[in-house]
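Model the full structure from these sequences, guided by the hints.
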Amino acid sequence: MTYFADVATLARKDLLLELRSRDTVPAMVLFVVAALVVFNFSVPADAEERASYGLLWIALVFTALLGLTRAFAAEREQRVLDGLVLAPCDRSAIWLGKGIAVVAFLLLAEAVALPAFHLFFEPVGLELVAGVLLADIGLASVGALLAAMAAASRTRELLLPLLFLPLVIPVVVGGVGASIAEDPGRYLAFLGLYDAVFAILSWATFEYVVTE
Amino acid sequence: MSSSDKFIAGAYLVFLAAVLLYVVIYSFKISRLEREVAELVELARRRRAA
Amino acid sequence: MWLAAAAAALLVAGLGLALFWIPEVEGDPAFPIFYLHVPIALTAYACFGWAAWKALRLLWMRESSYDLESYTAVHMGVIFAILTLVTGSIWAKYTWGQWWVWSSRQLVLFLVLFLFYSAYFMLRYSVEPGPRRANMSAVYALFGIVLLPVSFLAIRLAEDVIHPPPVVVTREGPQITDELMLVFVVCLAGMLALAAALYTNELAGKRLDGSLRELRESLQ
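If you read the sequences in order, they're chains A, B and C.
Sequence positions in the first sequence follow the numbering used here and run 1 to 212.
Sequence positions in the second sequence follow the numbering used here and run 1 to 50.
Sequence positions in the third sequence follow the numbering used here and run 1 to 220.
By construction, these hints were calculated from the structure, which means they are not laboratory data.
For clarity, every value in this text was computed on a predicted model and none was experimentally measured.
Accuracy of the hints is not assured; some may be wrong.
Computed beta-carbon distance windows for the label pairs [as the list claims (entries may be wrong)]:
| no. | chain 1 | residue 1 | chain 2 | residue 2 | range |
| --- | --- | --- | --- | --- | --- |
| 1 | C | E159 | A | L107 | 29 to 39 Å |
| 2 | C | A204 | A | L126 | 19 to 29 Å |
| 3 | C | L215 | B | S31 | 31 to 41 Å |
| 4 | C | E159 | A | R91 | 51 to 61 Å |
| 5 | C | V146 | A | V112 | 30 to 40 Å |
| 6 | B | V19 | A | V38 | 39 to 49 Å |
| 7 | C | P129 | A | R91 | 18 to 28 Å |
| 8 | A | R91 | C | P149 | 21 to 31 Å |
| 9 | C | V185 | A | A87 | 30 to 40 Å |
| 10 | A | L19 | C | E217 | 43 to 53 Å |
C-beta atoms are modelled at their ideal positions from N, C-alpha and C, and glycine is treated no differently.
This is the structure:
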């Protein structure tokens with residue numbers, strides 16, 4: 001199936017580029033840890049401990065944003081996106097390849113962020129990890145498409161947060177709910193629903209975002 | 001006027017104000033369109049004369 | 001414009017009835033705001049739905065005229081969304097003493113939608129006009145209409161874990177008698193007609209702008 005071969009090639013390209021340049025993932029890791037440290041100073045003394053879970057999710061969303069801002073930067077600089085679009089592969093493969101790469105970057109950042117959070121703030125349970133994994137899929141799906149839109153605009157890095165944040169509010173709700181509710185299953189199921197709905201929509205509409 | 005009436009009136013007035021604001025904005029737009037059409041008619045006339 | 005006339009008639013009748021004819025509701029003397037606020041909210045949803053439909057047609061048919069229609073519908077939707085937030089806020093101030101209550105699902109949903117569709121305009125302003133911008137706007141409008149139910153679900157789920165609701169927001173509505181329902185339907189129909197009339201108006205205005213520009217270019 002050449003479709004999946006294309007996706008694999010594209011994803012591998014992004015991962016290899018990152019492996020060689022090592023600019024995005026270290027930045028994401030440093031950012032999320034710095035954010036956690038800032039949080040320590042920003043929460044009032046008598047605040048509920050569980051509030052820190054909310055802060056973790058904010059940090060994750062902004063770390064994703066950081067990674068996404070760079071997502072199509074390389075293509076834009078080398079005008080590679082036009083070439084990719086002209087290539088005889090299904091355009092949605094570009095989205096899927098990019099999405100997989102973004103998930104990989106997020107996982108790497110989270111591999112540092114979650115232990116750090118566990119150390120600095122509150123225990124990290126299984127539900128939280130499950131929530132994070134599900135959220136990564138949603139954030140990457142929606143993010144890859146919106147990053148392509150932003151890359152085509154004049155304002156680029158300024159535009160992406162504006163487009164991204166309203167769309168990922170449900171992810172924050174699902175994630176925080178999975179972290180602190182008595183019944184995390186509902187929230188995890190909701191995250192799954194979000195992933196399914198928005199991944200399908202992004203996959204189906206990506207073609208239109210990159211072509212005339 | 002009881003306090004509940006004031007709030008009701010407030011809400012309805014906001015709505016009315018919004019609709020009227022729209023009308024005002026539109027009348028400005030129409031006068032601008034009139035002006036533009038007049039300019040273009042003038043341009044066309046000059047073109048025909050030349 | 002028959003649409004505008006119908007809108008005027010329906011709204012005056014409906015809102016007039018709401019203000020003067022229906023009996024006062026126990027426990028909620030400011031209830032007549034309901035006849036303004038809810039039709040406005042439903043009309044906003046309808047505008048966003050219409051925008052998504054036009055967006056779908058644009059992507060499907062690759063017919064660029066749908067772009068203007070979708071854009072105008074989003075514009076209308078945002079106007080009605082702002083009105084929803086304002087009238088909702090006034091009602092909240094009366095009923096619960098605060099201008100904003102995070103525990104009102106509808107208000108929060110509209111805030112999220114307002115943010116989302118405001119970003120729509122930012123998207124349009126930062127991309128050169130053309131088929132690319134039309135496509136991106138259409139995709140974004142589709143995301144919006146999908147976000148609507150997903151956000152609503154999220155907000156409902158959030159109630160259990162975010163902010164312990166300080167204010168009990170179950171608005172015990174009155175018994176919906178036939179009369180109340182009739183007045184509501186009239187108000188809703190009037191509001192939808194108003195939105196349709198304004199939409200047609202605005203669309204005509206934008207098309208005129210386009211035609212004039214074309215005319216100017218060919219004359220110069």
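*Are L19/A and E217/C spaced within 43 to 53 Å by their CB atoms?*
holds (52 Å)
_Assessment of proposed distance window 31 to 41 Å (beta carbons of L215/C, S31/B)_ = Between L215/C and S31/B, where Cβ atoms are some 18 Å apart, the hint is violated.
_Does the beta carbon distance between R91/A and P149/C stay inside 21 to 31 Å, or does it fall outside?_
holds (27 Å)
*Okay, V19/B versus V38/A on CB: inside 39 to 49 Å?*
holds (47 Å)
*Please test the hint of 18 to 28 Å on the beta carbon pair from P129/C and R91/A.*
Since P129/C and R91/A have Cβ atoms about 22 Å apart, the given range 18 to 28 Å holds.
*Consistency of beta-carbon spacing, L107/A to E159/C, with hint 29 to 39 Å*: holds (31 Å)
*Does the Cβ-Cβ separation between V146/C and V112/A fall within 30 to 40 Å?*
holds (33 Å)
*When you take the CB atoms of V185/C and A87/A, is the distance between them in 30 to 40 Å?*
violated (55 Å)
*asked:* Within 19 to 29 Å: is that where the Cβ-Cβ distance between A204/C and L126/A falls?
replied: Given range 19 to 29 Å: violated, Cβ gap about 59 Å.
*Go ahead and decide if the range 51 to 61 Å is satisfied by the Cβ distance of E159/C to R91/A.*
For R91/A against E159/C, whose Cβ atoms are near 40 Å apart, the range 51 to 61 Å is violated.
In summary, the numbered hints that this structure violates are 2, 3, 4, 9.
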